[in-house]
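**Student:** Chain residues, written in single-letter form:
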Amino acid sequence: MIELKNLTKSFDGRNVVENVSFSFYKGKTNLVIGESGSGKTTLLKMMVGLYQPNNGSVLYDGRDFTALSEHEKQGVRKEIGMLFQGGALFDSMTLEQNVKFPLDMFTQMTEAEKVDRVNFCLEKVKLMDKNALYPSELSGGMKKRAALARAIANSPNYLFCDEPNSGLDPKTSIVIDALISDITHEFNITTVIITHDMNSVMEIGENVMFIHQGQNWWTGTKDEILKTNNKELYDFVFASEFIKKVYKEKV
Amino acid sequence: MKPLYHLGRYFLLMMRVFSKPEKFSIYFRQIIYEINSLGTGSLGLISIISVFMGGVITIQSAYNFTSPFIPLYAVGLGTRESIVLEFSPTIISLILAGKVGSNIASEIGTMRISEQIDALEIMGINSASYLILPKVLAAMFINPFLIIISMFLGVLGGYLMGVSTGACTSYEYIYGIQSFFIPFNVYYSLTKTVVFAFIITSVSAYHGYYTSGGALEVGQASTKSVVYNSILILIANLIITQIMLV
Ligand SMILES: Nc1ncnc2c1ncn2[C@@H]1O[C@H](COP(=O)(O)OP(=O)(O)OP(=O)(O)O)[C@@H](O)[C@H]1O
Ligand SMILES: [Mg+2]
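Here the protein sequences come in this chain order: E and A.
For the first sequence, the working numbering gives the first residue as 75, with consecutive numbering after it.
For the second sequence, the working numbering gives the first residue as 1083, with consecutive numbering after it.
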């Protein structure tokens, strides 16, 4: 479980994330949704310590991450897998080397075991036989999937995904959502997913926080979202006339 | 205020760079890789420059030694001393500051803006040490070899040019480069080289590591690293020369 307590971050005197408290549960797919620019990535970067919060704390299963020394933080980070919004694959390495990198760094596996694990992860994201390609030779969606393979390579306890299916076609999107959801339940890990894809929300939104202008505006589950009368959330969810129509017809 | 800020941040970065590595085998692999790319990657350029500069130094020496009191073997002697003391260690290091320095700054800068450095940090890796230490150690190891090759080729270029233009005879040149040889001068040169190698790699890495923004800033970091490298090399050259030769 990851708990946020009164997290606040400001850039140039402007609060980008303001007093956010929330709990992300173990074995559940926890979603953070919100408009572009509402502070989702900033929130995530504070959680993993890339940004120092101006105020508040982040607890990893009770361990106060914000209070740890740089060295102690490294210990917690070895349990984290993260998918960056832009992928952040290492340009100088092939796909296989990218996914193998955390294994090289932190495990005592033999070479054969590592290659097995890499192939297993690449198969999960449907990138088998692409081992020898460099990131520059991949499409945008393939980079995303490769980055997800790297994030799960070392069996993390905490998985963070910043828009895992932006840039993917609807079919691959569903596969990726299902994959993240499976991993979360199968290995009982704490997963935090940032998204503005309503399809994902409806598929895997077990515990959702809607963030608006940097604040925790609404929390609930995917079923509660559809019945909401919170104006900002309603505007966000039913931004498309099409969805509105489909939902009305269903009800 | 600004210089002190950079100086402080540079030393803090170096403290992270020289902290205990996570896994020696991986660092070792990186060092070998960097030796190959920094060393063999610059060999061609250095060879060409050294041969030509050696030739020019020889012709200029012969041109200036018109007095009948100066024996012609002084041409060889003068060429050797110029190359060993100053041309190879300092000028070649300045050239490497441009070539290798801008390369390192833009490589690390690009990793910074595309969040690859953040990705390393999230994995629990000391990114400063992982990215910078192998480059620093590799350059400090391989640059002295490059400089020795440059010295040899410079003296050879002088011979080829001197003899073919008739500036001096083959015998005089060879006699000249063997006369009054002081081994300490080579030691002094190589000491400079190692210090310059440290400056080139660490200063460029510093500029790349603290890039923020986009492609524009990566370009600026690369330019800045070459400017700072050159100035710092000249200052270090003065200090080391004062300490070791006077
Ligand atoms: N390093 C920074 N310096 C200054 N301002 C920043 C910085 N990072 C983000 N911001 C500002 O913070 C706000 C929130 O940005 P953030 O990246 O968290 O949005 P987001 O919710 O992830 O949006 P998106 O869905 O488009 O990715 C934006 O207005 C942005 O301009
Ligand atoms: Mg974002």
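Quick caveat, the hints were computed from the structure, so don't treat them as lab data.
Careful: at least some of the hints might be erroneous.
With beta-carbon atoms standing in for the labels, derived distance ranges [to be verified]:
#, chain 1, residue 1, chain 2, residue 2, range
1, A, 1087, E, 75, 51 to 59 Å
2, A, 1105, E, 308, 32 to 40 Å
3, E, 240, A, 1234, 52 to 60 Å
4, A, 1305, E, 262, 16 to 24 Å
5, A, 1234, E, 126, 47 to 55 Å
6, E, 315, A, 1088, 34 to 42 Å
Treat the numbers as computed from the prediction; the structure is a model and nothing was measured.
We put the CB at the ideal spot given by N, CA and C, even for glycine.
**Student:** Work down the list of hints and note, for each, if the structure agrees.
**Tutor:** Here is what the structure says about each hint:
Take residue 1087/A and residue 75/E: their Cβ atoms lie about 40 Å apart, and the range 51 to 59 Å is violated. Range check, residue 1105/A to residue 308/E: Cβ separation about 52 Å, and the 32 to 40 Å hint is violated. Between residue 240/E and residue 1234/A the C-beta distance comes to about 57 Å, which sits within the given range of 52 to 60 Å. A hinted range of 16 to 24 Å for the beta carbons of residue 1305/A and residue 262/E is inconsistent with their spacing of about 51 Å.
Between residue 1234/A and residue 126/E the beta carbon distance is about 53 Å. The supplied range of 47 to 55 Å therefore holds. Checking the proposed 34 to 42 Å range against residue 315/E and residue 1088/A shows it is violated: the Cβ atoms sit about 55 Å from each other.
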